[in-house]
Amino acid sequence: MKYRKFLGATMIAAALMTGVAACGGDDSDAPPVPTATSTADAGAAGGDTESEITNGSKPPSIAALNELVDTAVDPKIPSKDKIVLVEGSEKDPAIFDQLVKARAENSDVDWVLVNPVISAGPNKARVKVRIETAGNPPTNAESTIVFDDGRWKLSQETVCNLLGLYQVKSPMCAA
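In terms of the numbering used here, the sequence shown opens at residue 221 and continues consecutively.
There could be a bad hint or two in this list.
Claimed, not checked - Lysine-lysine pairs mimicking DSS-like chemistry, simulated, CA-CA at most 30 Å apart:
#, residue 1, residue 2
1, Lys389, Lys321
2, Lys278, Lys300
3, Lys300, Lys321
4, Lys296, Lys321
5, Lys300, Lys311
6, Lys311, Lys321
7, Lys278, Lys311
8, Lys278, Lys348
9, Lys311, Lys296
10, Lys348, Lys321
Quick caveat, the hints were computed from the structure, so don't treat them as lab data.
Based on the sequences and whatever the hints tell you, model everything.
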């Protein structure tokens, strides 16, 4: 049982890393200048998550991103209110119900975004995801966020990779 859980966490990490590699190119010819945000940035901004999420001049803090993730998987919030959280999710608003279900069915697997948040070119940033399963050491993987339609969102590739691990299909994910 522990081996299967460890293997599952490893597969999640590998899928997230594949998503980053697959969309790793940015829209500029110059290499991106890494900039990091931290939880200290959230305090400096007064902890106003919405203003961090809608500020395209720099990636939001880890606290703001984790709040975004928590909202995306909150079963009490209607899916129609979550489409602003994930790039391309307007193609399949029911994706959030699937995310909630997958997370509930795998309650022994926990994941959280951790510092640093690093700019990866125009309107893109990378962030680490720490994946933990009971009795196994944490596994870190990289994920992406994008600034789209006036706000930072989880990238479509990141969410599609997570859903793919659970063999969930969605119109927003390429075949």
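**OP:** Could you tell me which of the hints above the structure violates, numbers in ascending order?
**Re:** Going through the list in order, the structure violates no hint and respects every one.
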